[in-house]
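Visitor: Protein chains in written order, with my numbering: chain A, 1 to 297; chain B, 1 to 261.
Check the hints yourself; a few may be wrong.
What the hints assert, rightly or not - Label-pair restraints from in silico Cβ distances:
{"#": "1", "chain 1": "B", "residue 1": "Thr89", "chain 2": "A", "residue 2": "Asp57", "range": "27 to 35 Å"}
{"#": "2", "chain 1": "A", "residue 1": "Ala198", "chain 2": "B", "residue 2": "Ser237", "range": "33 to 41 Å"}
{"#": "3", "chain 1": "A", "residue 1": "Ala198", "chain 2": "B", "residue 2": "Val75", "range": "35 to 43 Å"}
{"#": "4", "chain 1": "B", "residue 1": "Ile226", "chain 2": "A", "residue 2": "Ala198", "range": "49 to 57 Å"}
{"#": "5", "chain 1": "B", "residue 1": "Pro17", "chain 2": "A", "residue 2": "Tyr45", "range": "56 to 64 Å"}
{"#": "6", "chain 1": "A", "residue 1": "Glu186", "chain 2": "B", "residue 2": "Arg91", "range": "45 to 53 Å"}
{"#": "7", "chain 1": "B", "residue 1": "Ala92", "chain 2": "A", "residue 2": "Asp206", "range": "47 to 55 Å"}
Note that these hints are calculated values from the structure, not bench results. Beta carbons: idealized from backbone N, C-alpha and C, even for Gly.
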Amino acid sequence: MTSLFPTTRRTAPADRTRPSTTPGDHVSTPSSDVALDVRALKKIYEGAGRQVEAVRDLTFSVARGELVCIVGPSGAGKTTLLRGIAGLLPLTSGEVVLDGARVTGPPAGMAVVFQEYGRSLFPWLTVRQNVELPLKEKGLKKAERREKVEAALEAVGLADSGDAHPWQLSGGMQQRVAIARAVAYEPSVLLMDEPFAAVDAQTRADLEDLVRTLWHRLGVTVLFVTHDIEEAVYLGQRVLVLSNRPTVILEDVTVDLPDVRDQLETRSTARFAELRHHVYELVQKAKKGYRPDGEAV
Amino acid sequence: MTVRKALTQLVLALALPVVLVAVWWFASAGSTSFFWPPLSRIVEVFPETWDAERLVNDVLPSLARLAIGYSIALVAGVALGSAIGLNPTLRAFLEPTLEFFRAIPPPVLVPIIALFAGYTGWTSKIVTIALGCLWPILLNAVEGVRGLDEVLVDTSRSYRLRRRTHLFQVVLRGSSPQVAAGARQALSIGVILMVISELFGANRGLGASIVQFQRAFAVPQMWTGIILLGLIGFALSVLFRVVEHYSLAWYRGLRQADRGA
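Whole structure, please, built from the sequences with the hints as guidance.
Guide: Written out as structure tokens, the structure is:
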């Protein structure tokens, strides 16, 4: 396949202590610094008398501290993939390895932000209690919990809303609560399943910047699933483009945009347009049933 | 403005009862019928009929049996209902049988229960009340637990909430609006069964008193018993609503927010 874009997987994460990162100046890191390793993940749903192969073969890894986006046509099995990685769905074959340990159920080092924020927050708890509940389960002391909860709410800009109930807040604010809960949990990998699909465009831009900011500040590894091509290019260091069902990876696109991103500046650069164009074409091809070389349709 | 609004509400709520009482009062005023005494006569005998002795020995025991039976039904219904709601195999196994037992009107069980648990003691009456109240609570708890949002369940799993936390913080809280709906139905069934359980072979209790007045042709006294029952049912329903108002405040807010969106 001829492409202008590097398709080889970058093994080194961007060193985010430096203000800006350009491709090629990464120090290669040992493979032990892989936070999340997905190997030959396969999922076949057993329906009434028929089998549906949702995910055929997914293999990729996410280095510690990396922000990787997964984008694909609708119905590409993105949610299946994410639930599989999160340990919420038994896999047909293949394995997911988080921090060197194989995932068999929801792992301790992972937090998930779901698309349906309104249904993922506990409506009978206040915002603060929602963020605090997983920490309680971890067995943290009260003072420590309080500190982490306040810090997380502060980080997402909701320091004043701790006593409200989630349903008293707007959709964007509710998703901030879900992000705060995930961040306070201090996961090694943060999974986000189309988290901004249900909020309006302006709120979405704010939340995208929030994710970038938190990722920079906390050094967490982020795997961000979306159907929005621009969002994927804007947020990610890499974009994994999925085929249609049964899902495989079409291409692993490295996003060589400057590390400091800005909704107006970044989105109007020539490079952003090129990358967007490229990913867009890939998704269009995926929709038409295009599969990588050597793959039988 | 709010005071005026509250006053309007109060007038609206009281208007019909006041009219009904007035109609009863005047329509029965000159009544000489033995079975249809004037309301003034009924009101007159009320205090002497329900004196302290009768309240302590008839009314309170009846209410205590209702409270015990209802509590047993609530605890058993929620516990069993959650177990069935969480376990599809258990549900497939139990549901047809439960539907059968639910279809039997509880009053017909009274003689059977009495055969096993005795006619005069508290046990048979409590069992009758508990059995009757159990079904609406149990079936609503099953539905409530089954209807739990799967995203909430996924959230609970992905944050590795312990079984106990999951049960108390997610399953029970999440199904509580539906359980409350069942509990409200059960309460009125409970009041009915409190009376019915005393109709056979009991000599003390609110229901037994009414039957004895009837048999002794103490008609005005019988009427006071019926009025007292109505008042107790009303008071219990108000009490229930107050408890529900505070414990399910989140649910009201959530529904309002959903409607507004």
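Visitor: For the pair A/Glu186 and B/Arg91, does the Cβ-Cβ distance stay inside 45 to 53 Å?
Guide: Violated, at about 38 Å.
Visitor: Regarding A/Ala198 and B/Val75, is the given constraint of 35 to 43 Å on their beta-carbon distance met?
Guide: holds (39 Å)
Visitor: Range hint 47 to 55 Å: satisfied by the CB atoms of B/Ala92 and A/Asp206?
Guide: Holds, since B/Ala92 and A/Asp206 (Cβ atoms, about 48 Å apart) stay within the stated range.
Visitor: Look at the Cβ atoms of B/Pro17 and A/Tyr45 and judge whether their distance stays inside 56 to 64 Å.
Guide: 60 Å Cβ-Cβ, so the 56 to 64 Å window holds.
Visitor: Please test the hint of 33 to 41 Å on the beta carbon pair from A/Ala198 and B/Ser237.
Guide: Holds, since A/Ala198 and B/Ser237 (Cβ atoms, about 40 Å apart) stay within the stated range.
Visitor: Per the hint of 49 to 57 Å, is the separation of the Cβ atoms of B/Ile226 and A/Ala198 within bounds?
Guide: Because 56 Å falls inside the window, the suggested range holds.
Visitor: Could you see if the CB distance from B/Thr89 to A/Asp57 stays within 27 to 35 Å?
Guide: About 34 Å separates the Cβ atoms of B/Thr89 and A/Asp57, which means 27 to 35 Å holds.
Hint check: a violation occurs at hint 6 only; the rest are consistent with the structure.
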